[in-house]
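Listed in order, the protein sequences are those of chains A and B. My numbering puts the first residue of the first sequence at 1, with every later residue one more than the last. My numbering puts the first residue of the second sequence at 1, with every later residue one more than the last.
Do not rely on the hints blindly, as some may be mistaken.
As a list, the in silico DSSO-like pairs of lysine-lysine whose alpha-carbon atoms are at most 27 angstroms apart [to be verified]:
id, chain 1, residue 1, chain 2, residue 2
1, A, K350, B, K23
2, A, K96, A, K205
3, B, K205, B, K158
4, B, K350, A, K124
5, B, K124, B, K350
6, A, K350, B, K260
7, B, K350, A, K17
8, B, K205, B, K9
Hints listed in this document are in silico derivations from the structure and should not be mistaken for laboratory results.
Protein chains: 2
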Amino acid sequence: MKPVKLTVKGFKAAAVKAGIRGKDRLDLGMIYSEVPAAAAAVFTTSSVKAAPIVLGAEKLKSGHAQALVVNSSIANACTGAQGMELARGVAGLAAKALCISEDLVQVSSTGVIGEQLDLSCFAKNMDRLAGELSEDNFMAVARAMMTTDTVEKIAFRKVEVNGREVRLLGLAKGAGMIMPNMATMLCFVVTDAAVSADLLGRMLKKGVDQSFNVITVDGDTSTNDTVLVMANRLAENSLLTGMDQDGAGVFQKALDGLLKDLALQIVADGEGATKLITVRVNGASNRAAAEQAARTVANSALFKTACFGEDANWGRIIGALGRSGVDFDPERVDIGFDDVLMVREGLGLKENEEQATSVLKQKEFTVTIDLKNGSASSEIYTCDFSLDYVRINADYRT
Amino acid sequence: MKPVKLTVKGFKAAAVKAGIRGKDRLDLGMIYSEVPAAAAAVFTTSSVKAAPIVLGAEKLKSGHAQALVVNSSIANACTGAQGMELARGVAGLAAKALCISEDLVQVSSTGVIGEQLDLSCFAKNMDRLAGELSEDNFMAVARAMMTTDTVEKIAFRKVEVNGREVRLLGLAKGAGMIMPNMATMLCFVVTDAAVSADLLGRMLKKGVDQSFNVITVDGDTSTNDTVLVMANRLAENSLLTGMDQDGAGVFQKALDGLLKDLALQIVADGEGATKLITVRVNGASNRAAAEQAARTVANSALFKTACFGEDANWGRIIGALGRSGVDFDPERVDIGFDDVLMVREGLGLKENEEQATSVLKQKEFTVTIDLKNGSASSEIYTCDFSLDYVRINADYRT
Chain A
1 MKPVKLTVKG
11 FKAAAVKAGI
21 RGKDRLDLGM
31 IYSEVPAAAA
41 AVFTTSSVKA
51 APIVLGAEKL
61 KSGHAQALVV
71 NSSIANACTG
81 AQGMELARGV
91 AGLAAKALCI
101 SEDLVQVSST
111 GVIGEQLDLS
121 CFAKNMDRLA
131 GELSEDNFMA
141 VARAMMTTDT
151 VEKIAFRKVE
161 VNGREVRLLG
171 LAKGAGMIMP
181 NMATMLCFVV
191 TDAAVSADLL
201 GRMLKKGVDQ
211 SFNVITVDGD
221 TSTNDTVLVM
231 ANRLAENSLL
241 TGMDQDGAGV
251 FQKALDGLLK
261 DLALQIVADG
271 EGATKLITVR
281 VNGASNRAAA
291 EQAARTVANS
301 ALFKTACFGE
311 DANWGRIIGA
321 LGRSGVDFDP
331 ERVDIGFDDV
341 LMVREGLGLK
351 ENEEQATSVL
361 KQKEFTVTID
371 LKNGSASSEI
381 YTCDFSLDYV
391 RINADYRT
Chain B
1 MKPVKLTVKG
11 FKAAAVKAGI
21 RGKDRLDLGM
31 IYSEVPAAAA
41 AVFTTSSVKA
51 APIVLGAEKL
61 KSGHAQALVV
71 NSSIANACTG
81 AQGMELARGV
91 AGLAAKALCI
101 SEDLVQVSST
111 GVIGEQLDLS
121 CFAKNMDRLA
131 GELSEDNFMA
141 VARAMMTTDT
151 VEKIAFRKVE
161 VNGREVRLLG
171 LAKGAGMIMP
181 NMATMLCFVV
191 TDAAVSADLL
201 GRMLKKGVDQ
211 SFNVITVDGD
221 TSTNDTVLVM
231 ANRLAENSLL
241 TGMDQDGAGV
251 FQKALDGLLK
261 DLALQIVADG
271 EGATKLITVR
281 VNGASNRAAA
291 EQAARTVANS
301 ALFKTACFGE
311 DANWGRIIGA
321 LGRSGVDFDP
331 ERVDIGFDDV
341 LMVREGLGLK
351 ENEEQATSVL
361 KQKEFTVTID
371 LKNGSASSEI
381 YTCDFSLDYV
391 RINADYRT
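Turn these sequences into a full structure, and let the hints guide you.
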């Protein structure tokens, strides 16, 4: 079987070592579409927004973009007027190198908050980036986006929309400061589908709610979170403008799957993570309660350290549920690890502990909590809390 | 100068090794008043309440208590009808050994959730406990309450109320699962003051709000939290029944100071803690916003690991503020470490970084955040997040 080439019609990418913060590593990337693309994004919910976010949101009101420049090492957050000027300068340099309108250039940054970027790092490399653009170079951009990530995160989908082959390619980064409602994560999706900017925005929102908004590494949200999608229409399917159209469902499903795939890659590569854990809450009185209960468990440092210790310490789960503010009867709750029931009607099943411990020794498992207080469910994806999480974060800037 | 003897008129204490969970350590303690005392308590806000909490709250409706039995190692939480029966059994054994009414015996437990206590550990030791009661044996009870604590926590105050010397002695335990709004912590205060149960309850609530409710170790709240105060009137001050009475203010101040002292001892002994950190927020639009902002920073794993790494990484502080939901202008905020200003009007003062780093190398420091959005303030006390926190909590049950 011939491997699928991870390309999307009309999109090219390049990455270089720009020496940002003096580091000898890929730290600057570019994505470019041969034609202007419909574009939409979901940005951080934090009230502290990095300069590129402010600039990018403004530009995206047009519903279009043609290029993206992304750097790692410095986030350009909390950098005031100088930071805004820098972000504009980067867009200007890229526009010039690519001979396109500056309004069509999105800029994105990730890394340390509060330090200023040096425009010369960008100026010296922009022509080279433009010159090295290639259709099968996306992995290099995925690498250039990395901070404490240990692997590149990339996902691909190919679907048929109205008789035309449509491709979606997604890149993501993020390893710490990850929490439902967006977090320090960047995700860029390029597709050759023909979708109106308005519909693209709605589809993206839906996909993000089921992917990046249901993961957590450490409960911290960041200043730079971005999920950006560009659709350049080169697949030549008939333009999708509403969810009721033929093909819209297929495309949404592909987008959802791609985003979920990338989100889970982020959790699995959570800072110091050794396990990917699904916390599923059933039997809640409503969806919000289910999510609140699942999030409280998924963010509990005590639960996460117990997972790292491979200890089926369900008391910490019930402790987190108790403080979650969600209504339930502690004497009715069931808790299981994969298919091993550990708590029935609020009481521990000591005889199942050995089996439950075996589940916790796996790299991936699901904690299922049944509150028996209704029929609503929710899932949150998290990772364990290890010694390496502390090591990484005690040393991050140095 | 002769050292003050840490005694309170009419109160005695004892502790023994009862072999709970098979451990060879002090794990069972008793506090006893020669006469019935006015009593009040603040219990956990968790919806999952351990059996002794349910039983104790019911009994305290009378406003009186005369004895307390406390054990560590097993929390008697999530133990169902069997756990309730055990708690009642313990109270019964103590009542018999002390020849007092069972209604006047409070029971308290701390340790692992979900395991059953063995009544025989209590039965075998209750007469010995009663026999060994002594006025200067409170330190042994403080030791018997410990779980992952590394030191006993004890505080003492002596004040004059209406011409009579009044003494207050407090014991506390708690090291993890510590979070504002009570946490896995127990605190018992005995005083010979004459205070009505009703006023004692109000005074305690006020004191707890300024002490145990403004500390956090790991953002987790527990099933067993208790702050119990007993006042046996043997100081013979004229009975305090209202805050407007002479002497009430003096007593409240002494109680507040005692509780704060114990709360800070808990944070300083936070699991794995190497630093005691005060997070002070000024300039908030209202008190609730100030507290919300301070708590979000104080609970941020990224902030706490940076403190452990002695890294003046103010970006993580501003990141936490951004997601706190509190209204402020990121371009006006000031942040300082002790008296070193690190952020002015949202921008980092690189030139002060070396000095700020020196502050972080101290065992204790204050982070001061000025939101410049009003005049309300709040302080939360926290500790850093170290490798030992993970080690302790990955191994706790084993």
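Discussion item. Could you work out which of the previously given hints the structure breaks and list their numbers from low to high?
Written reply: 2, 5 and 6
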